[in-house]
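Peer 1: One letter stands for each residue in the lines below.
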Amino acid sequence: MNVLGLFVRNLMRGPVTDPYPFGPTKTAKRFRGRIEFDAASCEGCKLCERVCPSGAIKFSKDPGGLAFDCWHATCVFCGTCAFYCPTGSIRQTDDWSLAHVASEKFALVEHGLIPNQTCAECGATALDTAPMEGGVKPPLTPEEIATLRPLCPKCRAKFMKARKAKK
Amino acid sequence: MTSPDVPVSAHGVSAHDVAVPETYTIPVGPLHVALEEPMYFKIDVRGETVTSVDINAGHVHRGIEYLATHRSMIQTVVLTERICSLCSASHPEAFAMAAEAIAELEVPSRAKYLRVIAGEVKRLASNLFNVAILAHLTGFETLFMHVMQVREIAQDIKEAVFGNRMDLGAICIGGVRYDLDAEIMMELTKRLDEIAPLVDEIIETYRTNGTILRRTRGVGVLTRDQAIACGVVGPVARASGVVYDVRHAAPYAAYPDLEVAARGLSDGDVWSRAMIRLYEARDAIDIVRQALAKLPAGEIHGDERPDVPPGETIAKVEAPRGELIYYLKTNDGPNPERVKWRVPTFMNWDALRFMLAEAKVADIAIVVNSIDPCISCTER
Ligand code: SF4
Ligand code: SF4
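Chains E and P are the protein sequences, given in the same order. All you need for this note's numbering is the position in the first sequence, starting with 1, plus 2. All you need for this note's numbering is the position in the second sequence, starting with 1, plus 36.
Okay, chain E solo, but in the shape it has when bound (with noise of 0.2 Å):
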């Protein structure tokens, strides 16, 4: 096709970009964008912050429980933390619109806690982590969850020592 029919139909056609931020864009369904954390699904172990390739998410102790901080400046929305979570506690959102001005940098932060509970069993304190699922023989029922939830890591680990005895 000559160039001259290719410019007619292209200007036939209209503008193809955008008017973004002064009207409506499209974002794809799968995009990757802003991480998401959820403290209450999340077993803390800690997977996320260890594969993290740029350093972005950090644990840390805090007098409540433990503190996760994901930096969405530091990001660079690879998704590994989300590929690897074995809970699906961390996921990357289709927000892609993170612009912002420089005395901003410091508060993009996801922010999550994972509280401090009271062992029910032996009154220790501990965090209040989802109960670990993953290749667990046969898999945790919900009742079995139920119970695990609020047991601090040392009668967790009897309580399935006994489970694994029992089967």
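Rather than coming from a laboratory, the hints here were simulated on the basis of the structure. Treat the hints loosely; a few may be bogus.
[What the hints assert, rightly or not] Rough simulated footprint, nothing fancy, chain P against chain E, three-plus residues with beta-carbon under 8 Å:
{"#": "1", "stretch": "9-20"}
{"#": "2", "stretch": "23-34"}
{"#": "3", "stretch": "76-83"}
[As the list claims (entries may be wrong)] The following label-pair restraints were derived from C-beta to C-beta distances:
{"#": "4", "chain 1": "E", "residue 1": "17", "chain 2": "P", "residue 2": "95", "range": "31 to 41 Å"}
{"#": "5", "chain 1": "E", "residue 1": "57", "chain 2": "P", "residue 2": "95", "range": "23 to 33 Å"}
{"#": "6", "chain 1": "P", "residue 1": "340", "chain 2": "E", "residue 2": "122", "range": "29 to 39 Å"}
{"#": "7", "chain 1": "P", "residue 1": "346", "chain 2": "E", "residue 2": "29", "range": "42 to 52 Å"}
{"#": "8", "chain 1": "P", "residue 1": "229", "chain 2": "E", "residue 2": "17", "range": "18 to 28 Å"}
{"#": "9", "chain 1": "P", "residue 1": "140", "chain 2": "E", "residue 2": "4", "range": "52 to 62 Å"}
{"#": "10", "chain 1": "E", "residue 1": "28", "chain 2": "P", "residue 2": "96", "range": "29 to 39 Å"}
{"#": "11", "chain 1": "E", "residue 1": "105", "chain 2": "P", "residue 2": "229", "range": "40 to 50 Å"}
{"#": "12", "chain 1": "P", "residue 1": "374", "chain 2": "E", "residue 2": "141", "range": "36 to 46 Å"}
{"#": "13", "chain 1": "P", "residue 1": "78", "chain 2": "E", "residue 2": "38", "range": "46 to 56 Å"}
{"#": "14", "chain 1": "E", "residue 1": "100", "chain 2": "P", "residue 2": "58", "range": "51 to 61 Å"}
{"#": "15", "chain 1": "E", "residue 1": "163", "chain 2": "P", "residue 2": "229", "range": "50 to 60 Å"}
{"#": "16", "chain 1": "E", "residue 1": "96", "chain 2": "P", "residue 2": "346", "range": "38 to 48 Å"}
{"#": "17", "chain 1": "P", "residue 1": "246", "chain 2": "E", "residue 2": "108", "range": "50 to 60 Å"}
Predicted model, so just to flag it, every value in this text is computed and none were measured. Don't be surprised by glycine CBs; every beta carbon is placed ideally from N, CA and C.
Using the hints provided, position chain P with the ligands relative to the given structure of chain E.
Peer 2: Leaving out everything else, chain P with the ligands in the frame of chain E:
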């Protein structure tokens, strides 16, 4: 220049100084030679004609090979993806292939097809980008805009299927990280049907348009013998009649089951290299279509975090710019002991000495762009 036997005036100006020297040295670069990448040439010209070329490298060395030895294998997959955004499917694939060879991992066959799809979509976008820049450098902005607009469809495909316009995040050691469901396959097929006729049109335009032909035919010629002497790879080699393609010579992933056309031209000029890229962009669409039709069901990766025992190996893939070779050495630790890659541009930029010999100053940018240089992966 003052020679002792010429009388010198009180101001130090000799009679011979007014004579123009034989050659004149001009610096080209380090910014914006063709792409926004720092390549720096010292070029001697006589009048408008290039007499010699000196390539000065190292402006964007970031120490990525060193960084890789301080990252775990999983993190290095992501790091290699960020060496170069245009070949960002080929780098992690070659790295993962090397790791898989050491760990003796079998990649599930569905994953092999998905790797091909990721690689070919990248090739489509990358090649269109390069020929668009060619139009831009000839001052043909209308065509540049048009090709970039067509390439935008490939970008949309990447965003829809992989969730990112450049870094696909498709590869993991032992397989792939993304899967195709019926809905996304429909979308992909639809977009391919949309872009294929447009690429055909672009091929026709580059084949016949006078402006393009006048600026690219017989310019920056690399003969077959010179191509062999420089060891060039990829479209640069194939445009000079050296039909070498890793997908044929050492088929990897699902390529043994797919038909990949062997492209070759013999003139070795800027135009031939552009045409090879365009044909291969078109072929990429066909390869993705074949892969979609044959896509087997099953797993997309093996064990999520496979152990990579000590060992060393090499792996190679056909990146959009040509043969990409990875060397990997592992030890007992979690990090690679040594990763090294030989990128296509490293072989190809040497050939610029031949291509630019006797070239006109105005053609320098076009000739440099014709090797589709990727400085960020060459200097890592
Ligand atoms: S469960 Fe997921 S989010 Fe929680 S620490 Fe492990 S990898 Fe991170
Ligand atoms: S997306 Fe990648 S860089 Fe961002 S937090 Fe997750 S692993 Fe780290």
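Peer 1: Check the structure against each numbered hint from earlier and tell me which ones fail, lowest number first.
Peer 2: The structure conflicts with no hint, since it agrees with every one listed earlier.
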